[in-house]
Every structure is written in structure tokens, then in C-alpha cells.
Amino acid sequence: MKEESSKQQKIEDEDEVDNMVGYRRDPTIVIINGSESNLDTVDGAVSFRHTCTDTYTEDDGRVLLGNAIGSRDEKAIKLTELKDEITDNSQEYPFTALQCIGTLVSLILFVVDVVTDILLAMEYRDHDRVLEFALTSSVIIASFLVTGILSTIWYIQDVAGPKSRVKKILFLIAAFPFSIIIRNLVFIKHGWLSRKSRSEEKSKHYKQMMKEGRDVSLLMMFDSFVESAPQLIIQMYIAMHHPSQESLHLEILRSFTIATSLAGLSWSVTSYYRNLRISSATSGLKANSICGAVGYFLWRVFEIGPRITAIVMLLSVDSHGLYIIFGSLVHWFIMLTMAFLRHVKVYDEPIQNIMFIVFISFVQIISYMNLSHGKSRRFAIIYYTLFYVENVLMVLLFVLWTDIDKSSWIFIVTVCVASSGTLFCTLFMVMYYKLCHPKVSHKSTDVDVELKVKS
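Just so you know, we're using the numbering used here here: the sequence shown kicks off at 54 and counts up by one.
It should be emphasised that the hints constitute simulated quantities derived from the structure, not laboratory data. Do not rely on the hints blindly, as some may be mistaken.
Claimed, not checked - Derived DSS-like pairs (lysine-lysine); straight-line CA-CA distance at most 27 angstroms:
1) K428 with K398
2) K242 with K264
3) K257 with K242
4) K428 with K487
5) K255 with K242
6) K264 with K249
7) K264 with K398
8) K260 with K398
9) K428 with K264
10) K249 with K260
11) K459 with K487
Said to hold, decoys possible - Label pairs and their in silico Cβ distance ranges:
12) L480 with I435: 12 to 22 angstroms
13) L151 with I234: 13 to 23 angstroms
14) V445 with I407: 31 to 41 angstroms
15) K487 with Q210: 33 to 43 angstroms
16) L151 with F386: 36 to 46 angstroms
17) L488 with V158: 17 to 27 angstroms
What you are looking at is a predicted structure, and each value in this text was computed from that prediction instead of being measured. All C-beta atoms in this analysis are idealised placements derived from N, C-alpha and C, irrespective of residue type, glycine included.
Please model the complete structure; the sequences and the hints are all you need to start from.
Listed below in C-alpha cells is the structure:
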């Protein structure tokens with residue numbers, strides 16, 4: 054074993070819009086002797102750029118992306134454990150009653166969203182509307198499959214000891230439709246034990262609570278983009294073209310489903326980024342406050358809601374969906390190209406990394422996602438410019454081609470919602486970054502960091 058030390062340099066300002074998506078692990082910070090470390094903040098994560106010729110380099114995903122989705126590199130785990138040995142054992146973000154209430158509210162919102170979707174599917178079935186029933190129910194089933202499979206894979210990757218723990222694995226496979234509920238309850242359990250256990254047990258439960266918090270928030274974000282986003286498009290399209298004989302009960306249920314899906318989608322993104330920031334907060338970069346979480350939520354609501362409304366508006370005048378398909382493929386291809394040009398690396402395995410980038414590029418048809426470390430302001434400007442140009446084009450095509458009475462409430466509401474999105478999203482984004490976004494301290498620090506690295 055050899056001891057290595059370095060001085061932390063002056064911290065520069067953030068030029069970053071949002072956390073890097075895909076993190077599941079504790080951030081691994083490595084400072085190697087003889088390197089010039091330049092702290093690069095990633096809105097909740099920290100990475101060191103160093104210019105040395107040691108085993109671990111800047112391009113080594115094990116160091117910079119030790120907590121990426123699915124990454125199970127043993128050396129990265131050992132380095133993370135080493136970091137635990139040199140950090141304070143105190144709980145900087147302890148489990149609180151407010152956090153417990155927030156988790157329960159998030160869980161209730163998820164359950165209500167799923168239940169209303171199921172009830173709406175049954176209502177379509179009772180009215181012999183086979184296509185609507187099939188579309189609504191297929192999205193629900195797809196979300197259960199995706200979240201259940203992901204949760205089971207993560208558990209198998211995380212399990213300690215022999216891999217022959219058949220009972221636990223079979224239980225997870227049997228219970229995977231309820232994986233999000235189970236993980237939320239496990240998070241609350243470890244949070245409670247991190248406060249009430251004996252002193253020697255508190256640290257273990259606190260670390261497990263932080264890990265479960267990241268996992269469940271990431272899982273809920275995946276669920277939202279697989280279930281809530283398509284459900285919003287389907288139900289809003291049906292609402293614009295529903296037959297006049299529809300019952301009031303069906304209209305109310307569908308409206309409630311649309312509202313819960315939008316709230317769940319926006320909150321899942323907010324919850325994930327807040328958990329990511331908490332898990333990777335440093336002494337110089339603190340996690341979001343409650344005010345910051347609310348501001349971030351409003352930003353996402355006015356980004357996602359108008360975007361989906363604009364998509365539905367274009368679908369309503371494009372019976373074959375050719376414009377939407379072509380526009381979505383062009384947008385996806387641009388996002389995919391930019392991701393590869395920026396050398397995005399979330400997984401160590403190339404195939405897994407490509408699959409992840411392909412999926413997230415589709416997600417970016419609806420919402421902005423940061424896919425790389427470091428400065429991302431230029432990418433965000435490019436993204437939002439393209440995003441709002443597309444929105445304006447979709448609204449204009451709807452206004453020019455629609456057969457809907459232009460004095461009807463549905464025409465006025467949809468045009469106002471889609472058009473106002475640019476203004477309100479930009480307003481809440483600017484307010485968030487000016488008033489609520491955590492700032493990095495500019496004060497120079499002379500903190501000696503000693504790491505014991507295996508030779």
C-alpha cells in the first residue's frame with residue numbers, strides 16, 4: 054500500500070444544466086499524486102480531471118462513472134469503500150419526517166396514477182372500445198415489465214454472497230410488478246433504522262438508505278417515461294376526438310388520469326435529480342433545498358406538459374402520424390449523434406452503453422436529459438432551441454389544418470397551453486438557477502486528501 058496526497062484547487066463556477074443522467078452509485082473521487090486536479094462540478098456530482106499516467110485515467114469509466122447504471126466494476130467499488138474510510142461518518146442528509154412524508158406522497162401518487170389508468174382501461178372495455186382499451190392497458194403492462202426486470206437485475210447485481218439465493222430471486226420475479234412499492238418501503242425502513250439503530254449500525258443503514266433512494270428514484274423515472282408519457286399522449290388524443298355520447302364519468306376519470314400522469318412524470322424527474330444531488334453533494338456543492346425541488350418541478354411541468362400537448366395537437370391533424378414519426382426520428386437522430394460526438398459513457402460495456410444512449414435519446418423527444426460530465430450549457434441551448442422551434446411548428450400546423458371549431462374551449466385551451474410552455478418553462482428555469490440552484494463556493498481550500506491506493 055502507498056499513500057498519495059494532493060491539494061484541492063480553486064473551485065470554478067458551474068456551467069452545467071442539470072445532473073448527468075444514469076447514476077446509481079456513490080461518486081468516486083480519485084486524486085493521484087503528480088496530477089493537476091481541476092474540480093468539475095456536474096450539478097450534484099463531482100469529477101476530477103487529471104493529467105497523469107496512472108492506472109486510472111480521465112477516460113476510465115471505472116473512476117469517473119463508478120456509479121453508472123449497471124456498472125459493477127470491483128475496482129470502482131473498492132475505491133468507493135476507500136473514500137468512505139476518509140470521509141466523515143456523520144449523516145449530512147439524515148432521514149427526516151419531511152423526507153418520509155415526501156416519499157409516501159410520491160408512492161401514493163404512483164399508486165393513484167396506476168390505479169386510475171387501470172380503471173380507465175376497464176371503462177373503455179365496458180364501453181366496447183377495444184382499441185382504446187388495448188392501448189391503455191398495453192402501456193400499463195409495459196411499465197410493469199420494464200421496472201420489474203430492471204429492479205430484479207439490479208438486485209441480482211447487488212446481492213452479496215453466493216448467487217444461488219433462489220428464494221429471494223424467485224420472490225423478486227414474482228413481486229416485480231410491485232418493485233417500485235417494495236423499494237420505496239425498503240428506503241423508508243433503512244431511513245428509519247439509520248435514526249433509531251445502535252450507533253455502529255446507523256452508518257450502514259444510512260448508506261443503504263442513500264443507495265435505495267437513488268435506485269427507486271431512477272426506477273420511477275424510467276417507469277414514468279415508459280408509462281406516463283405515452284399514456285398522456287394517448288388519453289389527450291382520445292379526449293380531442295371522443296364521441297359526443299361519452300359519459301361524464303369517463304371524461305372525469307380520463308381528465309384525472311391525464312393530471313396524475315403529468316404530475317407523476319414531472320415529479321419523477323425532480324425526485325431523481327434531487328436524490329442524485331443529495332447522494333453526490335460535497336462540502337462545496339450542497340443539495341437542493343425544498344424551494345429548489347419545487348422550482349425544478351415547475352420547470353419540468355411547463356416543459357413536459359406543453360410538449361406533449363403540442364405532439365397531440367399535431368397528431369390530431371395528421372391521421373397517419375407521418376409528421377410525428379418523421380419529426381421524432383429526426384429529433385432522436387440529432388440527440389443520438391450529439392451523444393456520440395460528446396463521447397457519452399455511462400456503461401463500461403459498449404453494447405449496454407449504446408442501448409442506454411438510444412433509449413435516453415428517445416426520452417429527449419419529450420424532456421431534456423444531461424448525458425455527460427462537465428459543462429453542458431451549450432448543449433442545453435442547442436437542445437431547447439430545437440425543442441421550442443418544433444413546438445411552434447406543431448402548434449402552427451394544428452391551427453392551419455384543424456377542423457376543430459376555433460372558438461371551442463378545447464381549441465383555445467390546447468393552443469394556450471402549448472404556446473405558453475416556452476414562456477413559463479424559461480421563466481421557472483431562470484428563477485431556479487438564479488434563486489434555488491446550489492452554488493459552488495469560490496473560496497480556495499487547502500484540504501489535504503490522503504488516499505490509500507493499492508499498488
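To test your reading of the hints: which numbers does this structure violate? Structure breaks hint 11 only.
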